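**Student:** Okay, here's what each chain looks like letter by letter:
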Amino acid sequence: MLPALKAVTANEQADLKLLGRIADWCERFTPFVALDPPRGLLLDVTGATHLFGGEQAMLGRICANLEGQGFAVRGGMAGSALAARALARYRSGSVAAPGDEAKAIAGLPVEALLLDPVTTHAFRRAGLKRVDQVAGRDRRELTSRFGARMVFTLDSALGATEAPILPRAPLPDYRAERNFPEPVMTEDVIRATLTELASSLCEILEKRGEGARCLEAAFFRADGIVRRIAVETGTPVRDPAIIERLFRERLDALADPLDPGFGYDLIRLSASRAERAEAGVADFDADLNAKREIRFLIDRLAARFGAQRILAFQPNDTHIPEYAFAAVPAQQIQETRIAWEKIRRPGEAPRRPLRLLTKPEPVSLLRAIPGSNAPHMRWRHAQRSVTHAEGPERIAMEWWRHQDPQPTRDYHRIEDAEGRRSWIFREGIPDREDFSAQWRIQGMFA
Amino acid sequence: MTAFAEIGVTTNFSFLRGASHPQEFVAQAAGYGYTAIGIADRNTLAGVVRAYSAHEEMKEQTDVLPKLLIGARLVFVDGTPDILVYPTDRPAYGRLCRLLSEGKLRAPKGECLLTLADLLRWQDGLLLVVMPPHPRRDRTSIGLQEKVWNDGLADRDGGPGSIPKESFETRLRAEPDEIEMLLKQLLAAAPDRVWLGVSQHMQGDDARRFETWRVVAGRARVPLIATNDTLYHRYERRELQDVVTCIREGVTLNEAGRRIEANAERHLKAPQEMAELFAHAPEAIAETVRFADRIAFSLAQLKYNYPDEPVPKGKTPQQHLEDLVWQGARWRYPGLLPDTVREILEKELALIAKMEIAQYFLTVHDIVKFAREGEKEEGKAQTILCQGRGSAANSAVCYTLGITSIDPVQMDLLFERFVSEERKEPPDIDVDFEHERREEVIQYIYRRYGHHRAALAATVIHYRPRSAVREVAKVFGLTEDIAADLASGVWGSWGSNLSDAQVRQGKLDPFNLVIARVVKCTRELIGFPRHLSQHVGGFVLTNDRLDECVPVSPATMENRHFIEWDKDDIDAVRMMKVDVLGLGMLTCIRKAFDLIKRYQNQTLDLNMTANNPAVYEMLQKADAIGVFQVESRAQMSMLPRMQPENLYDLVIEVAIVRPGPIQGGMVHPYLRRRDGIETVEYPSPSLEHGKPDELIPVLKKTLGIPLFQEQAMKLAMVAAKFTSTEANGLRRAMATFRNLGTINTFKDKFVGRMIERGYEADFAERCFKQIEGFGSYGFPESHAASFALLVYVSAYIKRFHPAAFACALLNSQPMGFYAPAEIVRDAREHDIEVRHVDVNFSAWDNTLEQDGKGGLALRLGLRQVDGFQEKWAIELVKQRGNRYGTVGDVARRAKLPKRALIILAEADCFQSQNKDRRATLWDVRRLADDDALPLFAHQFVEEQPEEEIAPLPVMPESEHVLADYQMLRLSLRAHLMKFLRGLFQSEGVLSCWDVSGDLKAEPCNEEGKRPICKDGDSAACAGIVLTRQMPGDAGVVFITLSDETGITNVVVWPRLVEEFRREIMGARLLVVEGKVQCSSQGVVHLVAERIVDRTAELERLSEDDHGAPSFRSQGAARHHHPRNVRVVPKSRDFH
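So the sequence lines, in the order shown, correspond to chains H and E. For the first sequence, the positions run 27 to 472 when the working numbering is used. For the second sequence, the positions run 39 to 1173 when the working numbering is used.
No lab work stands behind these hints: they were computed from the structure. All values reported here derive from a predicted model rather than from experimental measurement. Just so you know, not all the hints are guaranteed correct.
Listed next, with one range per pair, are the computed distances between beta-carbon atoms [what the hints assert, rightly or not]: (1) E:Gln99 - H:Leu31: 57 to 67 Å; (2) H:His402 - E:His172: 32 to 42 Å; (3) H:Leu31 - E:Glu716: 30 to 40 Å; (4) H:Pro124 - E:Arg1138: 29 to 39 Å; (5) H:His402 - E:Ala41: 35 to 45 Å.
The C-beta atom is built at its ideal place from N, Cα and C for all residues, glycine as well.
Model the full assembly from the supplied sequences, consistent with the hints where possible.
**Tutor:** Quick look at the structure:
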């Protein structure tokens, strides 16, 4: 219908975050900013309007400023929060003089009161479709039908009663910070501060039974520049020593070291992602302890060299040999349910080779397998005579991943006269698939 | 050539495991020249009849066919490896059925719970093939096993007893020792009947594993038998196999990993290929042939096994039937029995005797007798209306027994069409009962024949385009949106294909690789069985235990069972089946009869002489809303052209507006001949090929035009010289539209031979088109005749008792084509006063009241109020006493919850208290909430003081009407469109009266306005969508629009359907621009050229004060009261 219209899936969390950022920005007008989600903000500007040239001017300035940032804004101002909300939504840009709230919102539809849908519907059905029609009813009549709360809401919208604006509550967050009256610059002080912050942060975490997966240290320079340093961990931690050590690794490895300039007046350590963590009781299980040690080592190495450079193998659930494993950042390794196959019976040779070639390489076979008298295999200019062979193991490619049909592979385990075992396959099933039968070697067993 | 028999076949009746139809396996096996093919689905025999039917059909074409073996693959919950079982003879087959039934009866729906102990109990006569599991797969029974533990099923009555988890796990590992022990255990019970099945699926260690099994088998002294353990018939099905595996596991292809097979080897392989795979063990291949030779069972050994309950002692069934027939003849033909009738009855009885099917008739008669008379001991006087439908109406015996209501002698219907010696099939009698009381009949059948001998047939639920495309798209990892887009282009849930056009309709590119793959797999998946469900009323009855003929599963309803086979399967194995169907119109007629008896003291019944001219006059004017069968748009436009004058005209009327005759292009020639515009002539072959009048007996009754299903069949035999076998094949191909391919093979034969014999090619083509159209929608003459009688009866009631008719129709909803709004509107047009729902006058049902002018008025019942519950209505009526004075009165005395009172107030049901909806609603709000604390409960309403309040603003009419629609789906005040008239007038959009009003009507309409449009005019018309109809596969859509002035019938040609599919399928309010088309009989259609969805206008209407706020995206608009969302009820759609 509208070719220029682009539809994007709503992301409520992101919206809420954005609303918070706008609220931050609004704090320059008044410290009392309240969120009115999903997309409203309430500012208590009592006593602040004169700083911005009066009510109308202040409202205009806020709206214009936000519009300049690319937002579509509707705003209203009134002596009561509810009246202001109604004006913003239904008569943007207007200011109700103190005591005039009732008059200002009288002509608005009853929806402007932002009551619950059932009540709003009841008013409309009763023919009370404008605010003044509802306001004009006897309060006892309304109370007996909709309860005292609704009447309170109505009266506060009309400015008859006070409903205070509650400022934004601080987000539940794990953080510890230290203010310095005099900016600090020496490394010793900075490190000591970090240690101190780490232990108070861990204290909070301990209380909540959680551990940090992602930590951030923020260094606020006196001149307003902020430097943020983050580290991640593979398991939730709340051991101050570990945290401190991680930051030390990280700080030592920084390509551009911290530049305190004129000094920091605030250092903040926060856990931006926390997870449930078991109490750090010493484990007597040596295996578990060893595993934990490895994880801490991984964290330290990752903090020093970067998470992308500490890799580990992880099995992939697929039939295709070269995709059956992947190297992923070690911190992200999951204890997957998919284990490597353990179907080898005692005494049997392994089904998969110890070493895979990066790419299967062509070989030429001088006689088909399984043949009678030792066929020959030529690979990398060397000739070997095949003494034993087992197969085929037929593996078809994952058809849905490829544009064109891929040749099915018939794998054989072979052993040559010198006892070397290798893994070779033939591409394409004769008479069924349209490929020339090419033999390739993919790996060596020993 | 190597002789080989495949015994391990898993078809798609092992749901989401097999990827080929049973018939595909059979055909492929025949192609490879197999010695035998055995169907062995997982704990089921559901697919074997399909294989059997395909096999029988192929028998007619070739002599060399693989032997068909019927078996099952037993999957156990105790960790025992799968075992293929094949019965050697009929008794052994019975035991297999018992075994499976037992497993199903104790399992949750759709599952089967078996243990090795069960098998050992029933193993007699069964050949057992142990299939050692592969350690890397076949861990599939674990899920059910867990269920057994978790749900405590094991310990339930008749359960397998608890199975220690350890033993389960050991067995599952399938160590060679375990297998050896199992083999020995089986061998002890079934010496000489145990095998070890081995497969070569190219797993790398095939040879090694084979050696293990060779040793095990040798030690246990059982032979090895080769099988490819197949899942599909050709390797090309691997992709579909992967897809169904993913559907089953609930994963996408990318997540599937090793849950899907590593290669495509599990297909039927040519004997030569099998021999090469087993080159090291030719004895395993040879064993398959010996195995097949041991089996002497075929499904042909099931058949007639009719109950003999109804036969009194000392009489043969035939004698008893004859007694009943002559007795019935005296009732049907009072006075002297005409000789013709006597002759026909004697002839029919002779044939029945010869075919030994007297018990069949007696059983059906017994059921019908119950409906008519009730069980004597119960002494229930209330009878249930019933009438046989379908080909049974060809039988005079059925007529005299009271099974059907049509006199075949008078109608000149032929018994041979019902039962024929050649067809060797049991007769098929379907009986319609009142749909609300069908359950009583079903209960009677269970009482009389017992649960072990009576069960419902199954309905195989197949993948339809929509369900298939959804699931396949999910497997490919497409988002819900795209899947929905793909599915949105599919009309209804029916149809058998997904065309490129439909893909494009969903705004997707059919050439995109992923989309193309989705479409390809969807096409293959369509028609796959998905699960079994119970048939609505198809009963299977046997004389012996039913569970020895076919496995029986428990149905959802307590104490209900259904078998594993559907109707076609039952036909194929010739079991006794009777359809106990529910017909809404019979309920409606019954209710109308009761009302007429009560208010007008007249007694009517179905046995009417259909000759009242007033009734036909009414039908000729297409005044047929609510009348059975002829109320659809297409039928109503046909009525003025047909001008029916007698019952046979109605028979034709019913049969002619069907996909068959329409697609065959037979309608217009028939009408022209009827009107005398065209001379009646009979197509004839050239002289050397036969008598020129050979078709006269076939087509005489229908003026030389084939209209009925059996005429088409007769044409095939007479004009195209089909043998009876060929004709049978054609009939079967017609019956199952799924066999899309098969019908075309008949086409060349049919058309070719007719042309060869000198018929015009055009005529031959049209005849065949008609046969194709009959596919699933054909009407045989007898069926049309049975229906025609109901057309007459319902039309009679409408003509002479319109109030009772409308009332009965409303009380039988949902049924028929029209929503209550149309029924009410029609009643008012027939001068019936319709009164609003009222707490002081309405019951749950709609009722009749004296209208004070000597007639009857219709009082709407509380059932018309959306969301109001029947139990509230009952309480409301019970406590009404003289009358309710106030809302509080209702609340106090009837003790209705506040929710109910709000609904009543919203629906404006307090008019008799002189309070409108607005005032009562305001009053209701004042009542205490239901969840008030018990402490305050006693001070219910009466304690509240009277209050003096200012009057509320007056509710505008448009708002009342809108609220009426929201609560009742109709309004007695005005039509919604009235309030949009100004808007549409300003756009130049005409009203329905302007477009399609009756030009000749005197007086014009209420305003004295004449319609504006003439034939050929261009016009635009707006209205609420009443019905959408897409008859058959023709691609034309009929839409009925309604406004305050009447209705307009819109025709949308297929080309436009594609273009405006979204509007047509989605909109509630449409503006249609097009050309007006008037037929000579005054039927007006608007042929659409452009269609606009204006549903949004209705929402605008709900913005009752029209200066709607400009910015509403915030609070209120987003949180509409739920009732506000649906302004107008959905239209009714028919496919």
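**Student:** Now tell me if each hint is right for this structure.
**Tutor:** Comparing the hints with the structure gives:
no. : hint                             : result
1   : E:Gln99 - H:Leu31: 57 to 67 Å    : holds (60 Å)
2   : H:His402 - E:His172: 32 to 42 Å  : holds (34 Å)
3   : H:Leu31 - E:Glu716: 30 to 40 Å   : violated (57 Å)
4   : H:Pro124 - E:Arg1138: 29 to 39 Å : holds (38 Å)
5   : H:His402 - E:Ala41: 35 to 45 Å   : holds (38 Å)
Violated hint for the displayed structure: number 3, the only one.
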